[in-house]
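Asks: What follows is each chain in one-letter form.
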Amino acid sequence: MALALSGCLFDTREPDEPTPGGDACSAIALDVSNAVFEAITCALESEQDAAYERVISERFVFSPTQDDSLDQTWGGAPVYENWNKTVELDVFSLMLSDAQTLAVEFSPSILINQTTFVRYRVEYLLTVVNVATPGDTTQYGGVAQFDVRNEGGNWRLTFWDEVETVPDLSTWGFLKGTLRLRLGA
Amino acid sequence: MMAMAVAVAASSASPDPARAQESAPPDTAQTGSPLYDLTRQAAQGNLALPDTLSESRIGIRFTPTYINQVTGDVSSVGMRNVFQTNMTTPFGSMFNFSVSADEKHYRLQDKQDQNKQLTATVAHQLDVFTSASISFVDSRVFNRSIIPGGAVQDYVFNDQSFNASGGYKREYRLHSTFVRSVRLDALVNGAAVQGERTYKNDETLAAGGFGGLAASFRSGGINFIGRGGHRETWDKSTTTLSEYDGLGSSEDSLMTGFVAEIGDSIFVDARYVYYEGARTWADQAQGSLGGQQGGVENVFEETEHRSSRATTLSLNARVWRGFAVRVSGFHDSQLYDYEIQETRYSNTVGDGLRGTVEYTAPWRTKAIVTLENSKTLRDFGPLSVSSYDDTRMKAALALSHRFKSGMSLELAGSTMLTRSEYLDTEANPRDRDQVDTSVNLRLGSTPFKKFSANISVAYSASEFINIDASQSSNNRTRELYELRPAFTYVFDEMFSVSQSYGIAIEYTDFVFTPTDNFLDRNLIFTNKFDFRPTKHVTFIFDYGFNFHDNGSYLPDEVTGEEELSVQGEDRRDRVNLRLDYRLMSRVVQKRPSDPQLRQSLGIFAEQRYSRFEDRSLFSDTKTVTTDGQIVVGTRGDYEFGNGRTLKFSLARVRRSSRFGSDAEKEYWDMRSEFTYPF
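Going down the list, the sequences are from chains W and U.
Residue 1 is where the first sequence starts when you use my numbering, and the numbers rise one by one after that.
Residue 1001 is where the second sequence starts when you use my numbering, and the numbers rise one by one after that.
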């Protein structure tokens, strides 16, 4: 019924044939828990969102540091409320759109390791050069906890919890907040 | 005249950290801008006037209470103590005082949190229409982390505030032909706030006036409501190097709405919300590599202009019994503009239309059809190439029927198109379409008194279409098929069995690269025995099995036809055994007029075992990992009377696993809450 509906109701646009070498991340299999880091790194650095979409669980939740949640930048807007997969992908897409280049380094260590659940402590450094200010490089750094679960055979990120800041750097969570504010939180 | 005490506690913003999964979501009403919060609530449909009247009892009542909460698990141990008291007088005054301390230590990291808060409020009813209050709040938030290398990293957020407010509220019942009643309310408040942060101190003076008018008309069942307000703050920020004076904010808001009833089955609801605000505050720059501009030396003044408008119109009609139509439309806009950090500019303008038709047939089949269409312009300013139009269209159908035999049938289907069209596709070629479709069928039945069953069948598909050649290699479809039958058989009051089965197949296919596809197949089985041989003992045996394989459709080397190539298989078995023994479970009631007090105490033991076997068919290797857990503990729930309660759960957990630290493998799991009103 719904298949017939979608065909009759909505026309999608015809895509162009892809340029060669554009599918850098499509083949990453999520068969081990640390594949999430490979998928996120590839999606960021090649600015392709497919691998990122596959690695984010349908029940994804994001939580910022206490410092970021109380930042005066938001002026009371609830930028971190109801942060689910849809919000995460919208913010990620805006980050890719605004960026000229992106690079990320992850240093994960295992805190909890069970057969279908792993919690990582992840030190990260995100480097961003934006299209609007091509001579200006900004780095975001911090420490987060990543909860990764095996869902139907694929390991996916279910919880991104920013837990620590590092000196002189804003967190990736702060960047996510600024992007969501622009999307109309 | 009975004196009426009004609690109008106008406390200032006190910080409430946003921790999504570990604690409740933050109270966003406490944002430092009650005017903006009222605007948001109105835009969400909450136009009700606050009703703050309550009756007091004769005589002075003094009700102190102490609360202690302890929580402990594998990641942290924490304790919270609260002392609070209320005092009401027959003279129209009420006094509230509370002090709380919250401390948390993290077991797997070198980190601790300490939060403290003190609040004191005095409210007084001057006459039946007028009230006044003053309050003081002192809040301390402190986090300390020991980062690798041994350095200490502190986060400090302290606020002290003094608030004063006055309110007026009156309702007029008129003898007019047209107007039934009019309600007026007005509130003025002022606050002084001293804030201490890790790298700066803030001082704020705030003043504001808010008011509302609600009218009820005799004809047409028309109700009108309007609210407005103005608020200003004057701020100063001081760092170790500099002082920023002349900071502050100014806000105006207006909300209007009316509801009309036409005939006795048509309701029309219209609302308009307006908000304008400007603020200047001390912000910190995001800078260049090698000169990352953090720290006190890079604080600067930023000014933000914020503007929002929202108009909604909805119609709700009951055409005849069992047939209802709802239509709603909206137009809204939200603008953020900055004087220094112009890259943060955004202007979001949206329009939408939604319609729902509900029909309940004489044979009790219920059908709901929903259509939605919305378009949003997201303009990120001249410095950005990311501006785009976002279009969403959705159609959904739901059918449900309950048969006389007790069987129920539910069928739901929906399809949605999401389209993004970038304004500058040359600079940002990310135009895309996404179609999400789903169909769910659920059949439930209780054919016999002791047997119930349900079957659900689900299909969902998502199609991701990137238009430009630089992105279209990501184009893919993802389909998920699920079949999940389950049943429960209750042999008698001592023994029951529940079983569920499942087949889930997920397939992702990249459109332009035929060999890039992923197939995941899952076969699932769960079985649970629930055995209660005596009223004190419960025994549960729970087994779960999940067989999964994954692979891809690849062309055969000889025939060229696509065949499934299974690359890996894994199997998960889990067993849970749990024994509960209720040492005591009773209801105590000393006299028939006394309330019933529930008291229970029990012990429990649980064992969990999980085995994961992973086989790679390419390398013909097999990996087996197991982990287990034994939990032994006690649980109690006591009511002592007069509101005094104790609830606790204390268990020792021991895990066995090849991985993990010692701290993770053995720990106390505890929850307790002790409440003692004096």
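I should point out that these hints are in silico values taken from the structure, not numbers from a laboratory.
Possibly wrong hints are sitting among the right ones.
[Unchecked claim] Heads up, simulated DSSO-like pairs for lysine-lysine below, C-alpha to C-alpha not over 27 Å straight-line: (1) Lys1375(U) - Lys1404(U); (2) Lys1116(U) - Lys1200(U); (3) Lys1200(U) - Lys85(W); (4) Lys1111(U) - Lys1200(U); (5) Lys1528(U) - Lys1449(U); (6) Lys1375(U) - Lys85(W).
[Claimed, not checked] Over the 10 Å line for every Cβ pair with chain W, so calculated as not near, a few chain U residues: (7) Ser1075; (8) Gly1329; (9) Val1497.
Only a predicted model underlies this, so the values are computations on that prediction, with no experimental measurement involved.
Glycine residues also receive a C-beta, built at the ideal position from the N, C-alpha and C atoms.
Asks: Tell me the hint numbers this structure goes against, listed in increasing order.
Replies: Failing hints, ascending: 1, 3 and 7.
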